[in-house]
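Sequences and hints are given; from them, build the entire structure.
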Amino acid sequence: MAFQLSTGSCEKLQTAPQNDTSVYEAPHTLQFLSVKKVHGATASGTPNQPPPDRYRIILSDGVHFIQAMLATQLNHLILDGQLQRNTVAVIEKSTCNLVQGKRLIIVLDLKVLGSMEKLGEPIQFGASEESTSGGADRQGSLPGAGPTPAPVASSSTPAAKPAVPSRAPGATQRSRTSVYPIEGLSPYQNNWTIKARVTQKSEMKHWSNQRGEGKLFNVTFMDDSGEIRGTAFNMVADDLYPQLQEGKVYYVSKARVNLAKKKFSNLTNDYELGLEKGTEIEECHDTTNLPVMKYNFVPLSGLEQIAKDGMCDVIGVVKEVSSLSSITSKATQKEIPKRELTLVDKSGFSVRLTLWGKQAEGYDAEENVIIAFKGVRVGDFGGRSLSMVSTSSMQINPDIQECYDLRGWYDSQGAQTSFHAHSNMNAATSFGFRHEELRSLDDVKQAGYGMPDRPEYFSTRATIMHIKSDNLSYPACPGPNCQKKVTEQGDSWRCEKCDKSYPAPEHRYIMSMSVADHSGQAWVQGFNDVGTMVFGMTANELLEIKARNIERDEGQFNLVLHKAICSTYNLSCRAKQDTFNEQTRIRYGISRIYPINYREEANYLKDLLYSPWSR
Amino acid sequence: MSALEREISPRVNAEMLPKWIGKTVRLTCKLLNFDSESERSFRVEASDGGQVVIQAINTGEPFRPDDIYLEVIGKVIDATTISMLGCIGMGNELDMKLVNDTVILIHDPRFFGKMFSY
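Sequence order for the protein chains is A and B.
So the first sequence is residues 1 to 615, counted in this note's numbering.
So the second sequence is residues 1 to 118, counted in this note's numbering.
By construction, these hints were calculated from the structure, which means they are not laboratory data.
Be aware that one or more of the hints could be misleading.
[To be verified] List time: in silico SDA-like cross-link candidates among lysine to any residue, alpha-carbon distance up to 20 angstroms: (1) B:114 / A:605; (2) B:114 / A:469; (3) A:606 / B:112; (4) B:114 / A:612; (5) A:215 / A:358; (6) A:606 / B:106; (7) B:97 / A:608; (8) A:606 / B:105; (9) B:97 / A:605; (10) A:358 / A:308; (11) A:330 / A:350; (12) A:546 / A:510; (13) A:606 / B:115; (14) A:606 / B:10; (15) A:36 / A:116; (16) B:114 / A:330; (17) A:606 / B:65; (18) A:606 / B:110; (19) B:97 / A:215; (20) B:97 / A:603; (21) A:606 / B:80; (22) A:606 / B:109; (23) A:346 / A:412; (24) B:97 / A:358; (25) A:606 / B:111; (26) A:606 / B:22; (27) B:97 / A:445; (28) A:546 / A:504; (29) A:111 / A:90; (30) A:445 / A:463; (31) A:606 / B:96; (32) A:606 / B:32.
[Unchecked claim] Pair by pair, the computed Cβ-Cβ distance ranges are: (33) B:115 / A:258: 55 to 63 angstroms; (34) A:589 / B:92: 37 to 45 angstroms; (35) B:20 / A:436: 31 to 39 angstroms; (36) A:465 / B:92: 26 to 34 angstroms; (37) A:436 / B:8: 32 to 40 angstroms; (38) A:308 / B:111: 30 to 38 angstroms.
All values reported here derive from a predicted model rather than from experimental measurement.
Note that beta-carbon positions come from the ideal geometry of N, C-alpha and C, so glycine has one too.
Okay, here's the thing in structure tokens:
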């Protein structure tokens, strides 16, 4: 049975004004060229119900074909099988919605006539007028349905061969699928293109381990929906490294979507991109609606709240810049250049931020610039400190509101104010005595403090049980700030470091003590300050007593020693592993020794009993 | 155990005295003045600020403690009087707030008897 399609219907439906009932309530006999289910992402259903399936249809009047959606009340026709490909039906009622500037026809009511083979050679209506940014438009015609229909669209129009390839502008031959949001990337979908800015590019990193060696670099892509990390290795890295530049926007497609290795990245995305030989990267010159860096600034006074090793973004005025220095990394034995900046902001606090490597070397901004930092790590050196990591990025004098606010504040009052630096009261440095982290000696031994990967510093309270009296002190250089051992040369003592000789050395304590608490016992080493506190006299004096006593009897000296033991002190210690002649031992050294202030300790205990801990 | 229990002398402050009438307690306190007529009783201030009269032992000698802060062990006569059995000098400096907090903690049902011996 042959049906006559109402030619010109498509044209009318696509061009008539929205409220033209003569078109939308008139019958049109059209053939369904395609029926495809799309999952409705918009909440067209009632709340708490999953959105209903929607069907996207292609209607042909023999001359043109247009895209349309089937109203949900007609879904049953498809489910029954009445409506399918090549069905001819009379569209009795329809409406036109405007979505993102494009028209979408919704078929509200129809009557099925029958089915027959495709009539005519319909072409896409409006193919000639289709704008060059076809990708975005395509997506726009499906409100809220997300990126999935886009490939559907490009694959569901097999008949419309002439229309599709001519869409892509410029020199590229490939047809660009519509732009995905980064959040929509997954390994399950590999026909995607993202349009994103490179917000951070790392340096080329080289590695060599047992399995071989190679090089890689990372980038962070960002668009409106989110961020994702991309990594390129070896040859691909060589190609892409010069091509990808920070701050520029690129279309990326055909990269591999892998599960993210969270260890190497601090981004929240579950996936990351592996940039490979087949990956296509094209610079985007379309400067509209480009994503800008998103910052989540923390005021410097609030850094205290962020735990150590956390990441944050900050913006501040660079008040001071230190000169380039370098330190040798313990882990890799390499020398790494570093530079410290002092940042201040409106909260009245200052903080030190460390730049490393090339960033440190290449830093040459003028005084009092405002820099925004993203993804810097929070440390607890001197209270709070900041450090750049490989994923951090900085922008000098960024074009954002916070920068202007800071500039205004600094120019008017900031330059004169004196700033608080974060003090050590809460997060004490390694030398402070930390009540909250008081450890018992057994604890320290069990936990293996001092081994690699273990904390080195701890605080404890212990009582001196025994002091080794054989080697209590050494002759030291009396010169200012020099504590080097001096050697006796005839009548005078010579210091190698100062290159001077002295008539008499200043003895300094170096003692080995056995301390104990309720849990156990340990041997600790202490230096001059420890000795002075424990004995209550200088090393010189003690040696004198010892010398005097050898002539008479050892009474006095022993008395001094005797008085020193059984006293309790708060100790701030450092554990370190030492190896000598195959034997590895952990030695505990006392960094600071404090006498017990019973009042303070009792108050502390009382607080503990009143705290939630005791409930 | 019960014989020992009767020998307890927990530390108290002035507020707690009514609960311990007839029992032996320890009061950590600060010397205020002497009741000079009888030379046997003197006033002290307990850790919570309440004032208590201490009746000293009648030895014929006037009672002259060396320290300002004392710990008086005695039997509670009434809410404001303790009859002294013994006295310990606590020196001239004592953080009475800390003492009071400790005394309150001692009597806290969570801790009394378990953590603090009496």
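Do the hints match the structure? See the list:
no., hint, in the structure
1, B:114 / A:605, "16 angstroms, holds"
2, B:114 / A:469, "42 angstroms, violated"
3, A:606 / B:112, "15 angstroms, holds"
4, B:114 / A:612, "18 angstroms, holds"
5, A:215 / A:358, "17 angstroms, holds"
6, A:606 / B:106, "11 angstroms, holds"
7, B:97 / A:608, "16 angstroms, holds"
8, A:606 / B:105, "8 angstroms, holds"
9, B:97 / A:605, "14 angstroms, holds"
10, A:358 / A:308, "25 angstroms, violated"
11, A:330 / A:350, "28 angstroms, violated"
12, A:546 / A:510, "16 angstroms, holds"
13, A:606 / B:115, "13 angstroms, holds"
14, A:606 / B:10, "18 angstroms, holds"
15, A:36 / A:116, "18 angstroms, holds"
16, B:114 / A:330, "50 angstroms, violated"
17, A:606 / B:65, "29 angstroms, violated"
18, A:606 / B:110, "14 angstroms, holds"
19, B:97 / A:215, "66 angstroms, violated"
20, B:97 / A:603, "9 angstroms, holds"
21, A:606 / B:80, "27 angstroms, violated"
22, A:606 / B:109, "16 angstroms, holds"
23, A:346 / A:412, "11 angstroms, holds"
24, B:97 / A:358, "58 angstroms, violated"
25, A:606 / B:111, "12 angstroms, holds"
26, A:606 / B:22, "29 angstroms, violated"
27, B:97 / A:445, "37 angstroms, violated"
28, A:546 / A:504, "17 angstroms, holds"
29, A:111 / A:90, "5 angstroms, holds"
30, A:445 / A:463, "17 angstroms, holds"
31, A:606 / B:96, "13 angstroms, holds"
32, A:606 / B:32, "27 angstroms, violated"
33, B:115 / A:258: 55 to 63 angstroms, "57 angstroms, holds"
34, A:589 / B:92: 37 to 45 angstroms, "39 angstroms, holds"
35, B:20 / A:436: 31 to 39 angstroms, "37 angstroms, holds"
36, A:465 / B:92: 26 to 34 angstroms, "32 angstroms, holds"
37, A:436 / B:8: 32 to 40 angstroms, "34 angstroms, holds"
38, A:308 / B:111: 30 to 38 angstroms, "34 angstroms, holds"
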